[in-house]
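With the sequences and hints as input, model every part of the structure.
There are 4 protein chains.
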Amino acid sequence: MEFNVSADLVYNAEEAGTLVLNIRPLKVIKETLLIDPRTINYVDYFSDMNRLLMLPVSEPGEIRISYNATALNEFNYVDFSNLGPSSISQMDPSVLLYLNPSRYCQSDKLLRFTMHLFGHIENEFEKVISITEWIYTNVEYLSGSTTSGTSAYDTITEQAGVCRDFAHLGIALCRALDIPARYCSVYAYNLEPADFHACFEAWLSGHWIIFDATKLAPLNGFVKISMGRDAADTSIANLFGKIIPQSTNINSYKSQGVIEPVFYYPGSTIGLSYIE
Amino acid sequence: MEFNVSADLVYNAEEAGTLVLNIRPLKVIKETLLIDPRTINYVDYFSDMNRLLMLPVSEPGEIRISYNATALNEFNYVDFSNLGPSSISQMDPSVLLYLNPSRYCQSDKLLRFTMHLFGHIENEFEKVISITEWIYTNVEYLSGSTTSGTSAYDTITEQAGVCRDFAHLGIALCRALDIPARYCSVYAYNLEPADFHACFEAWLSGHWIIFDATKLAPLNGFVKISMGRDAADTSIANLFGKIIPQSTNINSYKSQGVIEPVFYYPGSTIGLSYIE
Amino acid sequence: MEFNVSADLVYNAEEAGTLVLNIRPLKVIKETLLIDPRTINYVDYFSDMNRLLMLPVSEPGEIRISYNATALNEFNYVDFSNLGPSSISQMDPSVLLYLNPSRYCQSDKLLRFTMHLFGHIENEFEKVISITEWIYTNVEYLSGSTTSGTSAYDTITEQAGVCRDFAHLGIALCRALDIPARYCSVYAYNLEPADFHACFEAWLSGHWIIFDATKLAPLNGFVKISMGRDAADTSIANLFGKIIPQSTNINSYKSQGVIEPVFYYPGSTIGLSYIE
Amino acid sequence: MEFNVSADLVYNAEEAGTLVLNIRPLKVIKETLLIDPRTINYVDYFSDMNRLLMLPVSEPGEIRISYNATALNEFNYVDFSNLGPSSISQMDPSVLLYLNPSRYCQSDKLLRFTMHLFGHIENEFEKVISITEWIYTNVEYLSGSTTSGTSAYDTITEQAGVCRDFAHLGIALCRALDIPARYCSVYAYNLEPADFHACFEAWLSGHWIIFDATKLAPLNGFVKISMGRDAADTSIANLFGKIIPQSTNINSYKSQGVIEPVFYYPGSTIGLSYIE
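Residue numbers (this note's numbering), protein chains in the order written: chain F, 1 to 276; chain E, 1 to 276; chain W, 1 to 276; chain S, 1 to 276.
Keep in mind that the hints were calculated from the coordinates and are not lab data.
The beta carbon of each residue, even a glycine, is placed where N, CA and C say it ideally should be.
There may be inaccurate statements among the hints.
[Claimed, not checked] Some residues of chain F that are not near chain S, with every Cβ distance over 12 Å (derived):
1) I29
2) E31
3) R64
4) F80
5) E133
6) Y141
7) P218
8) G257
9) I259
10) P261
11) F263
[To be verified] Under the rule of at most 16 Å between Cα atoms (straight-line distance), these lysine to aspartate or glutamate pairs were calculated in the EDC-like manner:
12) S:K242 x F:D108
13) W:K109 x S:E140
14) F:K242 x S:D108
15) E:K242 x W:D108
Shown next as structure tokens:
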């Protein structure tokens, strides 16, 4: 499917600095980027699974970024009804680093907690479905309840947060069960209020399967921007120097028609795997 | 009932300092205290619900403390089968401070967690029984798994600890449900291996009711040493200056005969309340 | 000196509950308290060094509290220029509990940090002056930078906070140096913007000496409301049930004339000790 | 230079599982690996800057690994005496991810702390020298004082730790100053007692420069095993299933002759950069 996505961002540079933006989808058909003032010469580059824009800001002033793209959203359905046991030694070595604990996903501290809640479930897809259902049921979606310092270790007990916190907790719980998991920053269809969104992927039987414990947007309406270990790797904007965010306006529409929204439920056996 | 309790403690003072011991039961019939070297003149005093011994150590050397006491253990049984709803405004004001979060019992961070697990239970005695059962089932008793810095906030997710950690978690969960709770340092009958022990009390319907989520020793075999907000208030020994613990030998026996051990179980409706 | 202090507080009770207020000065000459609706029958009581008002709220609705008092502010000056070494064993036992770590003052984790920065200073008054100067220099006073969960352990590294955080850090650093310290909730003269304020007291040579690392208000212009281990003990309002703060309006004026403001500076040798 | 390094490791598998070892130097001339029992067929693979061995363990029992290698240690000296100011926008994009906070290096929480201590230093090499000197002076090297959960955020205040903690703190402080930094796991010449060692690299003027705040081993005697964001990425052994470490015996010798040990000191202007 094709989606039209856009991000209008305004920053105020109080001094010279650098702005690193992570807003371009991974699969773009066409795109336009306007930067005001036009004197800013950005550089774009890949860093792992991020398509970054680096904007050196040489003097104080307001910076307006207007980005539009037509992007592809492609995925497969994977049937996990007969998923057999998994083994570390049969995993693709490139995914093993997604078992490591990271800044916001301290899976190393959650081994017993996770084992008690989910250790008895055999099918790993069902395990991750149970994890997202547990988060959805126990964690309250509450804007402003957390900060950029909040991590899965906080959210598991404080039980309030936003999409970023839901994703971090899902990732941490998966890793604690030896399921590789990574963070996804996305444009999301039908998200209310419209904004950037975060969800996560778990490595199941050779596929990165998408999950979203917030259930705020359909799983088949994401346009992926970047993937990484957690939000530390996939920040929408990294600000070096005194550059202050002023406003954000994000949109994501289907190019034509509407989509039939897909969500998982307890008992779901079919997963969605986005094509990279 | 009468119990004979004893504590043989050895410290090595590498320099002058002060040793504050908190080993005397609250209800003593008779006691003996030997301190070697005899030149140490201790002072004893009350501080809230602690009977402290302050030993100024004027020079380096080994310090041997040998304490024996015959102590009373007196309690009532309280029937909670028809316990009605409780209200903050009807509580004795003196217990309200036991609702405050403390160093090792960060109840303020556990409100949602606690509400999700125990909020639906109406009878408050049943609530605390459920809390101790949840701790007993989910937290592994594992010597050496925690340090003096470990708090309830750690234990709730890491799910391993010793008696002190079990008590801290019980207290934190009670306070998060608006049930006043305090830490008890005790001599425990039949504890294996023999050592000082920790449990907690919850304020229910006008009584301090004893609970022990470790289930390692009978509830009716405790000789109370001190009560406080948490282990920070009730340390067996506070060491000021370089005074290093060398060895500890603790015992607790019934003066005559044996006791019929009492434990709570899911469904218990009778609580034990120690007489102060 | 006499001060006129007032607190106008508005809450919205979404359901029945209990409101425990801690707004009455410890040394009141006269006072008036208006509660609207008048059907709320409050109870007042002492809890340690807090003069609490307990208001049972039986039904939903807005609650307006209007409190005015004429209060005494009395203190002595203590000269510490020749302060000799202090010893735990010569302290009044009743102050030893203010050496214990507490919810927001984890002094047990700061022993080496404190020793490295302040261990070389011999005069204990000078030590605490150095602590407050260090906090004043290194921690940024930044409204909104912290939450009710922020503790001294956070502030020592994150180095931003409000009066409460400054006080917690001062207390934690004192206790780590074996200096008893406690939290003070006060009305403050000349505080901009007017609000409740927090500072701390350290036990030096038999006196509770007042300190304020924010330097936002004169040390001789405080009207003490309550003292305790930290903010957990001295909350202006404890809200049980869904009672939501709406607005706060605090004032503190000298009854007649103005005061000559007193602050400490590096090199100060005279401390202020409030008379209880 | 050539070094002979060896690692003899014994594990006890209580059940089937997988052992992932990260013990092979990055620049090996020749090597031998003996695994007992011989039925274990390992797979070796690269994952970023790690040369991993994956050993699937199919049944319980003791596993003995005996690894020997002749490895190269090659480095350049880089003169930083005239180092000009650095700019994010001129950095190689591939190093920017080493500015992100990670599991054990929460640089995002240390911005003010770091700015206060090191912000005034202009030359970035001098900055990192100052960071390592500060760590060396303030943090006590104390075996057993920390656990696998300890992070830079703990060490900065608790000020005790082992090589891993020293490296984590160095990395976190660099990143907080916008200097990319990464963790190095190494064999170290002349380390007492012999063991695996950890240090860190900072990205300065286009070079990864090696630093070691422990000063326990010469900077020119390292044989690099792996680099990563922190210890989470570079674990010597990742154990999946109940596989328990039994013993470790590590050695590192120069193939011929001895080395003239190199350390940095306050005022040093020449850095070492290992050739990858």
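Tested hints:
Interface exclusion of I29 (chain F) from chain S stands, the closest Cβ pair being 24 Å apart, more than 12 Å. Every Cβ of chain S is farther than 12 Å from the Cβ of E31 (chain F); the closest lies at roughly 19 Å, confirming the non-interface assignment. The claim that R64 (chain F) lies off the interface holds: its Cβ sits roughly 19 Å from the closest Cβ of chain S, which is beyond the 12 Å cut-off. For F80 (chain F), the shortest C-beta to C-beta distance to chain S comes to about 21 Å, beyond the 12 Å cut-off, and the non-interface label holds.
No Cβ of chain S comes within 12 Å of the Cβ of E133 (chain F); the nearest lies about 26 Å off, and the non-interface call holds. Distance to chain S confirms Y141 (chain F) as a non-interface residue, since its nearest Cβ pair spans about 23 Å, more than 12 Å. No beta-carbon of chain S comes within 12 Å of the beta-carbon of P218 (chain F); the shortest separation is about 30 Å. For G257 (chain F), the condition that its CB be more than 12 Å from all CB atoms of chain S holds, with the nearest at approximately 38 Å.
Non-interface status of I259 (chain F) relative to chain S is upheld: no Cβ of that chain comes within 12 Å, the nearest being about 33 Å off. Distance to chain S confirms P261 (chain F) as a non-interface residue, since its nearest Cβ pair spans about 33 Å, more than 12 Å. The Cβ of F263 (chain F) sits about 31 Å from the closest Cβ of chain S, beyond the 12 Å cut-off, so the non-interface label holds. Between K242 (chain S) and D108 (chain F), the direct Cα distance comes to roughly 15 Å. Compliance with the 16 Å bound is thereby established for this hinted pair.
Between the alpha carbons of K109 (chain W) and E140 (chain S) the distance comes to roughly 14 Å, so the proposed pair stays at or under 16 Å and holds. In summary, the hint linking K242 (chain F) to D108 (chain S) is supported, as the alpha carbons are separated by about 15 Å, within the 16 Å threshold. For the given pair, K242 (chain E) sits about 15 Å from D108 (chain W) by alpha-carbon distance, which is consistent with the 16 Å threshold.
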